[in-house]
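Chains as they are written, first to last, in the numbering used here: chain H, 1 to 386; chain D, 1001 to 1232.
Derived by calculation from the structure, the hints in this document are not laboratory data. Note that the structure is a prediction, hence the values are computed from the model and not measured. Just to be clear, a hint being listed does not mean it is correct.
[Said to hold, decoys possible] No farther apart than 30 Å at their CA atoms in a straight line, the calculated lysine-lysine pairs in the DSSO-like style are these:
1) H:K229 x D:K1123
2) H:K384 x D:K1143
3) D:K1066 x H:K5
4) H:K373 x D:K1143
5) H:K5 x D:K1123
[As the list claims (entries may be wrong)] Some chain H residues near chain D, calculated using beta-carbon distances under 8 Å:
6) R290
7) F294
8) R296
9) V379
10) I380
Glycine is no exception: its CB is placed at the ideal position from the N, C-alpha and C atoms.
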Amino acid sequence: MLPIKYNAKNVVLRWRSTLATILGIAMVVAVYVMVQALAVGLEKSSANTGDPRNLMIVRKGSQSESSSIVTLEQYRSLLYSEWIEHDANDRPLVTADVLTLVNLPRREQNGEANTTLRGIGPMGKVLRPQVKLVEGRWFEPGKREVVVSKRLAARFANFDIGDRFKTGPDWLTVVGWFDAGNCAFDSEIWADSDEVRALFDRDSYSCLLVRPVNAEGLTVLTKLVEEDKRLQLLAKNEVAYYREQTMTATPIKWLGNFLATAMSIGAILAAMNTMYATVGARTREIGTLRVLGFRRRTIVLGLLIEGMLLCSIGGVFGCLLALPINGYATGTIGFESFSETVFEFTITPALASQGIVFSALIGLFGTLIPAIKASRTPVIDALKSL
Amino acid sequence: MNPIVEIRNLSKVYSQGEIQVTALDDIHLDIHPSDFLTLMGPSGSGKSTLLHIIAGIDRQSSGICKVQGIDLLGLNESALADWRNQNVGFIFQSFNLIPVLSAFENVELPLLLTRLGRPERRKLVQTALELVGLEDRAGHLPKQLSGGQEQRVAIARALVTDPALVVADEPTGNLDSESAQQVLEILQSLSRDAGKTVIMVTHDPRAAAFGNRTIHLEKGRFAEPSTSEAKA
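Using the sequences and the hints, build the whole thing.
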């Protein structure tokens, strides 16, 4: 085995070509990591949402909460189930939510976008403890008041506390900002459920969120909802429900993979070019190593390690280049709700490792042909090389 | 005494398209342990080709080349690499040190292919460097050494595995006369005092004079049979 110091020192010695390759690979890895960070952020936003103790009930076959319908009868038939937890005042921990899309102007006259207005019942806040009021106060039912996500407020006009905006036939006043801890609720406006129904002339709700008494209650309620043919509803653990709502991330992941594939072909060629030059300049050195008794495969392995080392350094730099975007909040149109979905670019250790492994693979494939070619050069020819 | 190198009917023909060039033509030669054999002749006479075949880095077109009783043609590529590591020390005209490694690391290279542990390797490298008078240059990179010192490091690298055979291809070709003298004295001492068989290709009759036996080659054949006899 060639000493790793030999490969490492060669990478340093040829610093000009090393630098060019590192920069090329760093750009590819940075783009890859950034696009994947977008997908991870979106997925995390959905996966972060919900309370494992809660049960989400939607219409069977609905793709999202906003396309679901739960009638008042269905709501009432479940409201008094013995398996539902009650609060200290003996009120059932159930919220019947209504979701609708409202089209509102963005900040800085940047056009308009759909956003989700969620009407929640009196227990809506209790069932979602992760949502915290950070400024202002909660809305009061009947006063045409809303609270908005702080992250959403940064993106839409008229979302400062005290601002008003018109939706449907009426004006709504923003009275507070909430923070949902980087989850799907951060893309929402919250108001009173019955008020939203009245405002948009709805005679039904979109979904129910209930807190079963215990784990057994969760199982029983799920079974009860799904087996009752009259209900035609689907019950699912709230966390699991939102985790599955990650369709938005899928095309972004595809885009990321496509970009990464296209760019990696270029990067592999760049790495190959560098390694051809590196190996070409060391033909006599390789010949000498073979005279000393190093086998062909040892030399191939050494060059592969060198190529992978070189590109991995580029990978690390790529991750560092992408790092400032970690935690940057942005928004996109969610494919489930067709509304503005706010999320944060998220670079996880797993994603960074993936970027570095990706760069090492570029190094591996880029070095393979030059390394094999170099090892196959007859020793005499290699020694005669300048 | 059995010869360490036995060459019988050895020929080497290079094909360049349709043209065939005979580099060695039906050579017979025995080289004995402790011989310091010098190969002389004009460019293209086949002396380096003969050296390369004996050292196991090239293969003959026909004939037999046995070193220590082993027919090198019977060894595959990997076995030949192992054999070179254990049995041959090679000294090049251009030193061929690895530029990114220190003198110590260069000398240690052939030992990395052995089962020796780090302390044993260190000891052997130090001994080899002491032998060529460069123990105080162990940490220097090749570019920090003079040509003569570089060649002495190369000699230390050739000796570190304690090979029976040391081959040198114009080892003084790139050296000033003082450094060349030092290198030739070391090679002579290896043969005379350490019992190594040394085969050296040279153009320089003064360098050849350090050997105890000289062979002249011309057009792939021994030019003057009388010169291949041992010197008095």
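*Which numbered hints turn out to be false for this structure?*
Hints 1, 3 not satisfied by this model.
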